[in-house]
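Participant: Spelled out from the first residue to the last, the chains are:
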Amino acid sequence: MRVANEEIFGPVLTALTFDTEDEALEIANAVEYGLTGYVWTNDLTRALRFTDRLEAGMIWVNSENVRHLPTPFGGVKASGIGRDGGDWSFEFYMEQKHIGLALGQHHIPQLGK
Amino acid sequence: MSDLATNLARAETYLARFKETGVLNRIGGEDRPAASGATFDNASPVDEAFLCTVARSGAEDIDAAARAAQAAFPAWRDMTGVNRKKILHKIADAIEARAEEIAFAECLDTGQAIRFMSKAALRGAENFRFFADLAPGARDGRTLPSPTLMNITTRLPIGPVGVITPWNTPFMLSTWKIAPALAAGCTVVHKPAEFSPITARILCEIAEEAGLPPGVWNLVNGFGEDAGKALTEHPAIKAIAFVGESKTGSMIMKQGADTLKRVHFELGGKNPVIVFDDADLDRALDAAIFMIYSLNGERCTLLLPPAAAIQHRGSVHRKADCAGRKHPRRPSARPGNRGRAAHPQDPFRQGHQLFRHRPPGRRHRRLRRGTRWR
Chain R
0 MRVANEEIFG PVLTALTFDT EDEALEIANA VEYGLTGYVW TNDLTRALRF TDRLEAGMIW
60 VNSENVRHLP TPFGGVKASG IGRDGGDWSF EFYMEQKHIG LALGQHHIPQ LGK
Chain L
0 MSDLATNLAR AETYLARFKE TGVLNRIGGE DRPAASGATF DNASPVDEAF LCTVARSGAE
60 DIDAAARAAQ AAFPAWRDMT GVNRKKILHK IADAIEARAE EIAFAECLDT GQAIRFMSKA
120 ALRGAENFRF FADLAPGARD GRTLPSPTLM NITTRLPIGP VGVITPWNTP FMLSTWKIAP
180 ALAAGCTVVH KPAEFSPITA RILCEIAEEA GLPPGVWNLV NGFGEDAGKA LTEHPAIKAI
240 AFVGESKTGS MIMKQGADTL KRVHFELGGK NPVIVFDDAD LDRALDAAIF MIYSLNGERC
300 TLLLPPAAAI QHRGSVHRKA DCAGRKHPRR PSARPGNRGR AAHPQDPFRQ GHQLFRHRPP
360 GRRHRRLRRG TRWR
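Chains as they are written, first to last, in numbering that gives the first Met the number 0: chain R, 0 to 112; chain L, 0 to 373.
Only chain L is shown next, with the shape it has when bound in the complex (with noise of 0.2 Å):
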């Protein structure tokens, strides 16, 4: 078999179960549908193939896990920080004896190429052993002694969060997200895209079986316009960590206003890069392509895309023709070949995006490499 038939083979393995039972909710410790019964369909942007329902969650599964969490909170924020950095280890552990899996279901859900996905696990495991190590001195504070006090400060943890993760990097995200509340003390109630759900799911579960007590890590699937609506206004829930578009983030932060969320987001770029004529022009290429074209584009956060490039004049010409010469040639191309570098632009998802900027006066034709605007 070549390389892409075993591969889709072993994702076909690990995927076989969620085929069955679908994406479940977990909530204090246990397996829940949605309390409506309700279910969406999740598809792979690949092939638009059918991979697995997924519990389609509102205000009341919203409600369960938020007050699992509140019920948690107590005994996870007391554990010394120490035992707490021992679990995270442990969960970075079951993490990368995973990766495989995590890194083949992160292909199917999300479109992304094994290239690239295949570092996720890896990354994921290392997010959790950097907050492990800080968990004991999460706490520390400072002495600002005066004439007639000594005055010391603290931290505490805020108490059950709210982590809303996209559909892009949907792994490594969520580690980025939840392993930090984890080693400050918070307990947790995990909103992930509706789009790419699975891994996810496996992370939850990596997590309890490594020994992170039930209620600590709550996973609700659903919608933003449902599930993702009731975690923000959840009065037991204390602050919104939000990976996603901008819009979005004003959404979220109109709807936590009636209980004062905290809110942390991570939202859109358009990031410039800015090319002088004294430059290494060579690496600042390669550098460009890499980080607009590696991940098609669906970067936002942690490998960002350089959507502008400002270059001095006289080298732009060469470096635009240089840019369309270098775009990989198969942009459809299967992302479980590892000779890949690009993956299917998901019509659904981005495809409205991208096709809405086309070139000004030329209306029938699409985007093609090596465009040039006038």
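So that you can see chain R by itself, here it is in the shape it has in the complex (with noise of 0.2 Å):
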């Protein structure tokens, strides 16, 4: 259902039902973005269980979007690619560098010997 699936940027909210747990899976699932997925039980290895396989970058139980900076922020599928947040900005921002020292006079190979 397009309405279901396509970013409307606007005051629109779609309710669908589902009767198990799998088709809630599969209709949240079928969206081609997954920046967010949100949800709402009391039973905890549901929720465990849920949020495992939900496809989306950031997942709240029980509680509506609310930010902490040194957590990861960023979408999987078409919602995006990289993380924000805490050290993840810095893993986008820097380059990583190795630098390897030599602790003695290790063997090292003479070509043709």
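For the record, the hints were derived by calculation from the structure and aren't laboratory data. These numbers were taken from a predicted model, which means no experiment stands behind them. For every residue, glycine included, the Cβ atom is placed at its ideal position computed from N, Cα and C. Errors might be hidden in some of the hints.
Derived coverage of chain R by chain L (criterion: at least 3 residues anywhere in the stretch with Cβ under 8 Å from a Cβ of chain L; other residues may be distant) [stated by the list, open to error]:
{"hint": "1", "segment": "6-17"}
{"hint": "2", "segment": "36-47"}
{"hint": "3", "segment": "61-67"}
{"hint": "4", "segment": "76-87"}
Going by beta-carbon spacing under 10 Å, a handful of chain R positions derived as facing chain L [stated by the list, open to error]:
{"hint": "5", "residue": "Ile26"}
{"hint": "6", "residue": "Ala27"}
{"hint": "7", "residue": "Glu31"}
{"hint": "8", "residue": "Gly33"}
{"hint": "9", "residue": "Phe91"}
{"hint": "10", "residue": "Tyr92"}
{"hint": "11", "residue": "Ile98"}
{"hint": "12", "residue": "Leu100"}
{"hint": "13", "residue": "Gly103"}
{"hint": "14", "residue": "Pro108"}
{"hint": "15", "residue": "Leu110"}
{"hint": "16", "residue": "Gly111"}
{"hint": "17", "residue": "Lys112"}
Reconstruct the complex from the two isolated chains, following the hints.
Facilitator: So this is what it looks like as structure tokens:
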């Protein structure tokens, strides 16, 4: 259903129904985006099971989006590439560099010998 | 005067200078119009009133900004993290000092309601403080000893970076992308969305007044197809951080391919809310309503819109009806009025997308509260 799959960026909330957990997951994961998901349940094991399979970069359980700056922010699928927040921001803006320093006179192979 | 009249009068005072000079670029610590002299008009989405002209920049302006960022890079990279931290905290102080100006400018430029934008400056300052405190440890690495070598890692800033931000909450998102770049030791060329350029200009001024060296942060205004494109293709720019539409992200990736740009994309979303029948339905409903309606659905990033609520059968009709009733009733109220929770939907920026989604079979009716699809 187009209205449930395309980003509208307007005040439109689509309400759909499901009977089983698998069906809910199928509907949620059918969207081409994967920024966030919100799961409302008081069943702890269901929350763990469901969040593990839900395709989204960020998931809140029994909560609206509450930003905590050290946590990774970003989406999967068509919602983005990379993460912001805490050290993840530095991973994007910086380059890793490796430096190896010899501890002593280790054996260096001599070509042809 | 009413709150609204007082707020509008103050907003007018803050924006008066932009009416005179327009929004200029800031390159290497200097105000500059577009090299071509071109400008475009910036109107408020509230009532389409003219706010100011804006520099309509092209490849030549981007080149000047990228060179300025490149020239400023070595000194900024080599400044100690502790000193970068001090400057970033000063920027946060100055943002807080000008919070009201930022909030009012943001309201008129984006059409968002004052009750949400009044916090934009504080959240922006918080972003600067958070990354300021991380700056001294940004280069920290690991030690991975092997039998013959002491292996160490460190991190270095990638170089001058391009930052492209969207029109929905431009101030907050500019700080969110730029503060970590500066903390890491990168220099920046910022291209804000053409629809809401004012607070990005204020932010850049604040940063330089707070002691950021000239050229570390450059601001170039204009459209995606000329200024944005030139930025994504410039060889001196090593990475592009972009927040916006998925389609634009894909274009940026193509444009950046020749210069092997690193990209960071925060794109669209259609975020499901899955409500099971054992949940606290009232809390779930309040959360969903707040997130989808508080910025009139114009959230893709920081407060994410739950665009599809999927619920266990049975609870659904009651909730859908509640959602219809809870939607703010005066969506076209002016954003300077503190009591209003919703703001005008921008017909040019968003209307086309909104009204494409009419109920099937009811082509002549617009979306209205509580509309049910079948």
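Participant: Any of the earlier hints contradicted here, and which numbers?
Facilitator: Numbers 14, 15, 16 and 17, in rising order.
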